[in-house]
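Peer 1: Those protein sequence lines, which keep their order, are chains A and B.
For what it's worth, our numbering labels the leading residue of the first sequence as 1, then goes sequentially.
For what it's worth, our numbering labels the leading residue of the second sequence as 1, then goes sequentially.
Just so you know, these hints were derived from the structure itself, not from any lab.
For every residue, glycine included, the Cβ atom is placed at its ideal position computed from N, Cα and C.
Be a bit skeptical, because a hint or two may be false.
Sample of chain B residues at the chain A side, in silico, Cβ under 10 Å [unchecked claim]: (1) F98; (2) K145; (3) M444.
Distance condition first, Cα-Cα at most 27 Å in a straight line; then the derived DSS-like pairs of lysine-lysine [said to hold, decoys possible]: (4) B/K30 <-> B/K187; (5) A/K170 <-> A/K128; (6) A/K265 <-> A/K316; (7) A/K176 <-> A/K204; (8) A/K56 <-> A/K68; (9) B/K30 <-> B/K147; (10) A/K236 <-> A/K128; (11) B/K115 <-> A/K316; (12) B/K76 <-> B/K147; (13) A/K133 <-> A/K176; (14) B/K115 <-> A/K128; (15) A/K5 <-> B/K187; (16) B/K145 <-> B/K30; (17) B/K30 <-> A/K5; (18) B/K145 <-> B/K432; (19) A/K225 <-> A/K236; (20) B/K432 <-> A/K5; (21) B/K115 <-> A/K265.
One-letter residues, chain by chain:
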Amino acid sequence: MRGTKYNSVSQLAVVMAGFAVTILLLESGALLTWADRLDVGPARSGAVRVTAALHKTLQPLGVEQVRKESLDGLDRLGWTDDPARLLAAREKFALGVAGSNSPCMAAAHAPNAAVAKAVTPVVAGVPKLTPLKPLPPAAPGETRVVALVGDSMMAVGLSDVLLRQTATDKNVRIIKAFRSGTGLARPDVFDWMQEYPAMIGDEKPDAVIVAIGANDGQGFVEDGKTLAFGSDAWVKVYQQRTADFLNLLTENGAQVVWVGLPPMKARAYNDRAAEINRIAYTVVSQNPLATWWNPQPYIGDEAGGFRELETSANGKTTRIRAADGIHLSDEGAALLVPSLIDWLNPTPPPVTTAQVTPQETPVVQASRHHRGARGRTARP
Amino acid sequence: MLFPTVEFALFFLAVLLVAWSLHRWNSTHKLFLLAASYVFYGFWNWSYVPLLFGISLVSGLVAQRIQASGSPRPRKLWLALGVVICLATLGYYKYTAFFLTTVLNLWAHVGRPPKVRIPEPLLPLGVSFFVFHAISLMMDAYRGKLKQRVRLSDALLYVAFFPQLIAGPILRASNFLPQLRAPRNPKAIRVNRALLLIVAGLFKKVVISNLLATRLVEQVFAAPQTFSRGDVLLAIYGYAAQIYCDFSGYTDIAIGCAMLLGYRFPRNFNAPYTATNPQDFWRRWHISLSSWLRDYLYIPLGGSRGSAARTCVNLMITMLLGGLWHGAAWTFVIWGALHSFYLIVHRVWSGIPWTPLVRIRQTIVWRWIARILLFNAVCLGWVFFRSPSFEIAFAVLRRLAVPGAITLASVPVEMALIAGLAGQFQPLRWRKALEFELGSWPAMARGGAFAAAIFSIELLGPSGVAPFIYFRF
Numbered sequence: 001m002r003g004t005k006y007n008s009v010s011q012l013a014v015v016m017a018g019f020a021v022t023i024l025l026l027e028s029g030a031l032l033t034w035a036d037r038l039d040v041g042p043a044r045s046g047a048v049r050v051t052a053a054l055h056k057t058l059q060p061l062g063v064e065q066v067r068k069e070s071l072d073g074l075d076r077l078g079w080t081d082d083p084a085r086l087l088a089a090r091e092k093f094a095l096g097v098a099g100s101n102s103p104c105m106a107a108a109h110a111p112n113a114a115v116a117k118a119v120t121p122v123v124a125g126v127p128k129l130t131p132l133k134p135l136p137p138a139a140p141g142e143t144r145v146v147a148l149v150g151d152s153m154m155a156v157g158l159s160d161v162l163l164r165q166t167a168t169d170k171n172v173r174i175i176k177a178f179r180s181g182t183g184l185a186r187p188d189v190f191d192w193m194q195e196y197p198a199m200i201g202d203e204k205p206d207a208v209i210v211a212i213g214a215n216d217g218q219g220f221v222e223d224g225k226t227l228a229f230g231s232d233a234w235v236k237v238y239q240q241r242t243a244d245f246l247n248l249l250t251e252n253g254a255q256v257v258w259v260g261l262p263p264m265k266a267r268a269y270n271d272r273a274a275e276i277n278r279i280a281y282t283v284v285s286q287n288p289l290a291t292w293w294n295p296q297p298y299i300g301d302e303a304g305g306f307r308e309l310e311t312s313a314n315g316k317t318t319r320i321r322a323a324d325g326i327h328l329s330d331e332g333a334a335l336l337v338p339s340l341i342d343w344l345n346p347t348p349p350p351v352t353t354a355q356v357t358p359q360e361t362p363v364v365q366a367s368r369h370h371r372g373a374r375g376r377t378a379r380p
Numbered sequence: 001m002l003f004p005t006v007e008f009a010l011f012f013l014a015v016l017l018v019a020w021s022l023h024r025w026n027s028t029h030k031l032f033l034l035a036a037s038y039v040f041y042g043f044w045n046w047s048y049v050p051l052l053f054g055i056s057l058v059s060g061l062v063a064q065r066i067q068a069s070g071s072p073r074p075r076k077l078w079l080a081l082g083v084v085i086c087l088a089t090l091g092y093y094k095y096t097a098f099f100l101t102t103v104l105n106l107w108a109h110v111g112r113p114p115k116v117r118i119p120e121p122l123l124p125l126g127v128s129f130f131v132f133h134a135i136s137l138m139m140d141a142y143r144g145k146l147k148q149r150v151r152l153s154d155a156l157l158y159v160a161f162f163p164q165l166i167a168g169p170i171l172r173a174s175n176f177l178p179q180l181r182a183p184r185n186p187k188a189i190r191v192n193r194a195l196l197l198i199v200a201g202l203f204k205k206v207v208i209s210n211l212l213a214t215r216l217v218e219q220v221f222a223a224p225q226t227f228s229r230g231d232v233l234l235a236i237y238g239y240a241a242q243i244y245c246d247f248s249g250y251t252d253i254a255i256g257c258a259m260l261l262g263y264r265f266p267r268n269f270n271a272p273y274t275a276t277n278p279q280d281f282w283r284r285w286h287i288s289l290s291s292w293l294r295d296y297l298y299i300p301l302g303g304s305r306g307s308a309a310r311t312c313v314n315l316m317i318t319m320l321l322g323g324l325w326h327g328a329a330w331t332f333v334i335w336g337a338l339h340s341f342y343l344i345v346h347r348v349w350s351g352i353p354w355t356p357l358v359r360i361r362q363t364i365v366w367r368w369i370a371r372i373l374l375f376n377a378v379c380l381g382w383v384f385f386r387s388p389s390f391e392i393a394f395a396v397l398r399r400l401a402v403p404g405a406i407t408l409a410s411v412p413v414e415m416a417l418i419a420g421l422a423g424q425f426q427p428l429r430w431r432k433a434l435e436f437e438l439g440s441w442p443a444m445a446r447g448g449a450f451a452a453a454i455f456s457i458e459l460l461g462p463s464g465v466a467p468f469i470y471f472r473f
């Protein structure tokens, strides 16, 4: 009999049963991963228990191997967008080895042993004004390699405006090393210690601008224990992860600006962002190669709170935050970028003698060049 | 709750099971679907569930009042009241800041504008869609298109029904409310069609749209100055494919889910890039919105019944407001203006009665020329639609003049682009043949094949789930 157009509800039930059985066979491992990545809480615990039991039961059947082989094949074709997976696949197939942990990946995992592990007490508050001292000017003809690193706080707005405003500057080369929906709280979801080296490849950035932490206001599981956000144990682990990541960023001598989280619209979320900022500030201020920078004076209101709109000196009103009350709009990012470009201090283009007044120092020239060329609008 | 997530899969399987268990008791069945719809919406933000409930309740009560009123005047007053409440809600959440900043910026040209505190509410998910549903209910009641008296419980479910709640398709009350009258038929479920729609929708969204977005479009539109002609052109065409796959993918999943629950949703896309003229395009693109605008805005304005000039004005108003519906930004208005311009040019062009031209317009060669011209004109509109500002839009267009190597054309990007655009030319009979072929398979095997398809999509898609573009409308 050729197919029929309509089915009964009992046939629908059998179709769904067939679907459920097949998907469990094929995806029991993926379901366990999904459960693992849920926000920490009772729902996650229950989901992990159920999916782990399913996975344990179904794994011996070997059907899940299809998934692994398919993924390997796709990685080999360069289909994946995960830098660490892509790098591992390239190394694996280049070396012809079966294991998935290449020496490079193992090295990427290892925190910098030279850095002390002592945990410093977290500061009670972050300074409002955190001036950025411009980097020494690059040597003539030298290109400053700059990595833009972080989660959606970098990916949305900030990276766009930085890329646009440095696009014509031959003295700056930007490496994009950001990924939305990531952070330092959940290496089980996205492990920056592995992904960052894969993202930058063979590059050795001279400077790094980091904006990260917006997704980190959540609990996580460490050594089998669930740690609630903000608890002492959580802070200790998160602080260490931040320190390890910062050490990774600076291990080749790169100078780092760690952009703090801006004020958020929702109060509860803002409180969490403030906690993340305090921890990041505590860690960053201990590293001589890094500076924690507070964007609040540029993007917040006078009381340090959330501000959605900006009225410029010429009276033009623009929206400086995205509709979600979290991310920056392009206009908002444009308030931060001049300071960051001033900090990068790329070599200014050659100027004629007539243009230079005797009082001007090279640093000031660079600063003015960027202000003039890009139209500075930020409030200090 | 996003469609391509495990959370939604679990939610939907549970809803499917319970809904069909309750199908004999229609009132309970509908009450359950209503509760499930609020859970679905509340998963994003519970604090906006009262707003959804309030809009649904107001539209239901107004529709009842309209039906109960015998004379035209109170009917008109009730309709006006309901529409004003709905549009005021939409205006407050979506357009207040846009309107006030526009006024202040205009003011700044003539003097120092006053300091005003601009309300900044968080935009409720899908507000444009559920407000349009509410208006459709009241308008259909006013026009006498609802044959039976509106029940409040039906009105609530019509506005909040979860498959269409946050990104359409926009249902007509006159089409959907009759479906809520009788229990669903447990022997007439188009399972195969529904499964094919869900698989096609997921493939379009998870694989094609996400891949094009992350590896091509976002990169170019973030900093067009760093790319040259080849990449920019690829990104513009990529966005045309991305937005089609994103939005039609969403509505395919929505239609498929509703179909499994026993409900019929209207078709929302019909291979829009195969259109040969702007009018044809709008009969194929976001059909439920374009027909909503036609019936509730363009025709009440006078449609094409007046002079040619009046028709052009009506078209322009409709398309400008249609553009603004998509987002509170001038780039969307320009997108609407461009489409109204295309529609007007087409009206003039197709009205030229010169016989040789009429003959040429009927040839296959001309149809292909027209198709390519229209596609590129639509793509020009997408540049403004996608760009966060005019500065970026013009930077994208300027870079089209800059020669240089193509750097973003990887194999996955090329395959996604071809699938997203050329896929629209597949004959409809293929899909029908596949549906009937599936019908001859045992039910268990069909379920297995559906799972295998979902598994393949999960492997091929980029990591992470990007939200649907139309969520922000």
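Peer 1: Against the earlier hints, flag every one the structure doesn't satisfy and list their numbers going up.
Peer 2: Hints 2, 5, 18 not satisfied by this model.
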